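Novice: One letter stands for each residue in the lines below.
Number of protein chains: 2
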Amino acid sequence: MQTVHKIEELRKIVSSARNADKSVGLVPTMGYFHEGHLSLMRAARRENDLVVASIFVNPIQFGAGEDLDKYPRDLDRDAQLAESVGVDVIFTPSSEEMYPSSFSTYLDVEKITDALCGARRPGHFRGVATVVLKLLNIVQPDRAYFGMKDYQQLKVIQRMVADLNVPVDIVPMPIVRESDGLAMSSRNSYLSPEERKSALILSKSLARAQELIDGGVTSGEELQHEIEEFIAGEPLAKIEYVSVVHSVTLESVSNVTDKILLALCVHIGKTRLIDNALLTRG
Amino acid sequence: MQTVHKIEELRKIVSSARNADKSVGLVPTMGYFHEGHLSLMRAARRENDLVVASIFVNPIQFGAGEDLDKYPRDLDRDAQLAESVGVDVIFTPSSEEMYPSSFSTYLDVEKITDALCGARRPGHFRGVATVVLKLLNIVQPDRAYFGMKDYQQLKVIQRMVADLNVPVDIVPMPIVRESDGLAMSSRNSYLSPEERKSALILSKSLARAQELIDGGVTSGEELQHEIEEFIAGEPLAKIEYVSVVHSVTLESVSNVTDKILLALCVHIGKTRLIDNALLTRG
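Protein sequences, first through last, are from chains A and B.
Here the numbering used here is used: the first sequence runs in plain steps of one and ends on residue 282.
Here the numbering used here is used: the second sequence runs in plain steps of one and ends on residue 282.
No wet-lab data here; the hints were simulated from the structure.
Any given hint might turn out to be false.
Stretch by stretch, here's where chain B covers chain A in the computed footprint (C-beta under 8 Å, at least three residues) [claimed, not checked]:
no. : stretch
1   : 30–36
2   : 134–146
3   : 206–216
Per label pair, the in silico range of CB-to-CB distance [unchecked claim]:
no. : chain 1 : residue 1 : chain 2 : residue 2 : range
4   : A       : E66       : B       : T280      : 44 to 50 Å
5   : B       : N255      : A       : R120      : 55 to 61 Å
6   : A       : G233      : B       : K12       : 29 to 35 Å
7   : A       : R120      : B       : E251      : 32 to 38 Å
One-sided excerpt, in silico: chain A residues whose CB lies under 8 Å from chain B [what the hints assert, rightly or not]:
no. : residue
8   : V4
9   : K6
10  : I7
11  : M160
Keep in mind the model is a prediction, meaning the values are calculated, not measured.
Idealized CB from N, CA, C, for every residue including glycine.
From just these sequences and the hints, can you work out the full model?
Specialist: Written out as structure tokens, the structure is:
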């Protein structure tokens with residue numbers, strides 16, 4: 001496995017692979033790998049000849065007061081894990097390599113960013129869409145892999161790729177959970193043992209919502225209120241949002257139909273956690 | 001020569017050319033060809049195996065009250081002219097093909113768009129950058145050709161391509177002029193015979209500015225005022241801007257140094273014309 005810091009060096013590696021008719025898979029990450037990341041890399045390994053995983057804590061997707069500086073990093077451990085699942089190249093550029101001082105081009109994906117995290121983190125998805133497009137242009141992969149835990153991010157990237165005719169297949173991958181249900185996240189490392197227990201309220205809420213639907217709840221608003229009350233029962237949890245939305249447009253829905261996403265953002269102590277599930281009506 | 005309306009059809013043509021190791025050149029246009037356009041196509045013909053010229057009057061770069069509806073169109077004549085200079089494929093998609101109803105992704109190129117036309121046509125360069133990136137992603141050319149008459153457009157595209165790591169060479173081509181000096185423009189077709197004569201005030205101003213510099217003028221402000229007075233002497237002309245700017249950043253300059261651009265926007269009757277020149281200090 002190679003570790004590459006420079007865009008031009010990575011371009012050469014990918015270009016010689018492509019000249020040899022090899023397919024290329026990209027797994028864009030911010031590092032501090034967990035099983036969720038590794039599941040993306042394994043899928044990329046199965047489906048491509050050359051697998052590139054990028055590690056870049058993208059400053060322009062963090063707002064003022066967010067956790068850019070304390071975001072967890074461990075490149076040595078990440079490199080070992082990536083190699084263990086068959087990644088060929090780690091691409092880990094500096095901020096200066098990605099954003100020279102003259103940098104001034106940004107992507108705005110409208111409408112779909114009005115809800116959920118987009119509504120609470122101004123500029124976040126602008127930063128995400130911009131860095132992902134840069135990575136897609138640098139690597140020019142056949143396929144790029146994204147986890148469904150960041151569901152809105154996935155939808156923003158799919159929208160951007162379709163709108164701008166970017167020649168890549170975006171491959172969504174299911175959320176990977178701890179055995180007790182907690183969705184894997186690099187930010188779980190912030191949790192104290194007590195908070196770690198409280199954090200289960202997110203996955204429990206998703207299960208509870210499915211139960212409510214199975215029990216006959218058909219109003220999006222009722223579902224939301226029930227889940228808000230359920231979470232309020234957990235003393236360490238503070239709700240940022242509980243949203244019942246259409247799974248494609250991310251617009252609020254009044255009736256629970258087939259394509260419903262329940263998206264949660266809950267603070268446990270100082271840690272902001274998200275989770276979601278597609279809910280089905282039997 | 002083929003004429004193609006659908007993105008997928010164009011992708012197939014380009015992709016089979018590329019599989020045969022052919023280089024691809026793109027000339028993005030809004031049609032109604034003049035010698036300026038043809039000079040881009042001739043350059044593309046010389047430097048590439050496959051030449052694609054796109055014709056698309058891009059609605060999202062026109063503001064309210066601008067000339068989208070009356071913008072001149074003549075596809076049959078354009079096709080003949082393109083074929084005469086060796087273009088292989090005309091790509092002329094519909095607005096619906098380029099912007100389906102779900103479309104919601106836009107590019108913002110900041111700073112460089114604060115001056116000149118960017119300051120007067122809000123959203124114009126957003127529309128330009130977005131459509132050019134779409135065309136680059138659809139065609140994936142080795143080289144794309146842009147005229148220097150739309151100097152700020154060229155700079156916006158160069159900035160966007162560098163910032164987003166788009167793998168293409170942007171090739172700037174010099175302004176092509178009528179024998180009396182008028183810069184070629186599809187919008188020249190709007191001019192009455194009398195207006196056509198008045199329109200020479202633009203190219204004359206550029207020559208006058210070089211004379212002033214050769215005569216010792218070193219202040220950007222003085223140069224601007226002299227040219228404004230010069231244009232005021234032409235009864236049919238109404239100044240939108242006369243700007244003395246740095247040729248890379250497009251920021252105003254107080255002293256006339258080596259890398260100065262004089263950019264003009266003058267209305268002749270109802271027709272908005274632009275012209276520019278790089279000025280040199282002997």
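Novice: If a hint holds in the structure, say so; if it does not, say that too.
Specialist: So, going through the hints one by one against the coordinates:
no., hint, verdict
1, 30–36, "violated (count 0)"
2, 134–146, "holds (count 4)"
3, 206–216, "violated (count 0)"
4, E66/A to T280/B: 44 to 50 Å, "holds (49 Å)"
5, N255/B to R120/A: 55 to 61 Å, "violated (47 Å)"
6, G233/A to K12/B: 29 to 35 Å, "violated (58 Å)"
7, R120/A to E251/B: 32 to 38 Å, "holds (35 Å)"
8, V4, "violated (14 Å)"
9, K6, "violated (12 Å)"
10, I7, "holds (6 Å)"
11, M160, "holds (5 Å)"
Hint check: violations occur at hints 1, 3, 5, 6, 8, 9; the rest are consistent with the structure.
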